[in-house]
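Student: Listed here are the chains, written in short residue letters.
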Amino acid sequence: MTRAHHASAHGAKDGGAAHGAAAPHGTTQGYLLGFILAAALTAAAFWLTASGVLGGPSTTVPLVLGLGLVQIIVHMVFFLHMSPRTEGGWTLMALIFTAVLVVIALSGSIWVMYHLNANMMPMTPDAMRRMP
Amino acid sequence: MNMQTFKASDGPGPAFFSFEAEEHEAGASTMLGFWIYLMSDCLIFAVLFATYAVLGRNYAGGPTGRELFELPTVAFNTAMLLVSSVTFGFASLSAQRGKIVATQGWLAATGLFGLTFLVTELREFAHLAAQGAVPQRSAFLSSFFTLVGTHGLHVTVGLIWLLVVMAQTARGGLTEANGRRLLCLGMFWHFLDVIWIGVFTVVYLLGVQP
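Those protein sequence lines, which keep their order, are chains A and B.
If you count by the numbering used here, then the first sequence holds residues 1 to 132, one letter each, in order.
If you count by the numbering used here, then the second sequence holds residues 1 to 210, one letter each, in order.
Don't read these hints as lab results, they were simulated from the structure.
Mixed in with the good hints there might be a few duds.
As the list claims (entries may be wrong) - With the Cβ distance kept under 7 Å, some of the chain A side facing chain B (calculated, not the full set): (1) F35; (2) A38; (3) A50; (4) A94.
Ideal Cβ placement from N, Cα and C applies to all residues, glycine included.
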């Protein structure tokens, strides 16, 4: 990490240091390790789905979602170089804020719409026939 | 402004405003600004994912994801995008070391993998349409094409941007400005790969579940 950082062709004066690690750098090993982890997680998720070894969706779905979540974190760390120090912590702050909004939008939509379906007035067969 | 402690009685008191314009390096805030753009883009995808989560099982008597999706194709496309993320990483590393030929080569490789992804996706869309699985067939297909199509549109824009950055690098070399552009494009490209994890997990892998 540090070797590549110092050898960087950014022409970075020390002024850049005032903003913390302004441009996060990776290493070849970092990208390869991220690639191996991501490929393994992807393969595991596809294999679980295609083979159906776990029996039913009730166990497969949470596990596949969990694998996807872990892979997102792997990509964030190894490819996007997220760290609490980047830009003085502001990128992580923006990420956390976005994550909160995403969780609210997703869980809120799913929760409300599923309950809406369950609580709709029952439709008579006659009304169903006259549906557009 | 010195940082000595002072009592309230002496001196001009604490300053709450600075009327002097602060010096900022050109591009010092570009990365943070671009990151905030990516986060806002993330919210667009979050809303499309929420729409798909609500409508994704409303088939209106039409074809279901289990009947339509071909996992080998999706696995191939996932591999294309993942490899293109790594090749872009190598392009960034080459640029940091000032190796312009290697940078352009890795960028070209990234572009080829991205183009393969896009062509495969378009062929998949054409294959779906040939089976009558068009966006107006059911709520499931409307939300599917909106979500996956928006991601594909982002990849298209990323490819065009990639060509622009390659041309800029070819003309001006690995200047500080071009390095900054490369860094922004890299964040965009890796971000698209992150979104694709959500797409193949939620749309395809969960879509083929009974």
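Student: For the hint on A/A94, just tell me whether its beta-carbon gets within less than 7 Å of chain B.
Tutor: Holds - the Cβ of A/A94 comes within 7 Å of chain B, reaching about 5 Å at its closest.
Student: Under the criterion of a CB-CB separation shorter than 7 Å, is A/F35 in contact with chain B as hinted?
Tutor: Check passed: Cβ of A/F35 comes within 5 Å of chain B, closer than 7 Å.
Student: Closer than 7 Å between Cβ atoms is the bar; does A/A50 clear it against chain B? Give me holds or violated.
Tutor: holds, 6 Å
Student: Is the hint on A/A38 kept, meaning its closest Cβ partner in chain B is under 7 Å away?
Tutor: Hint on A/A38: holds, closest Cβ of chain B at ~6 Å, below 7 Å.
Hint violations for this structure: none, all hints satisfied.
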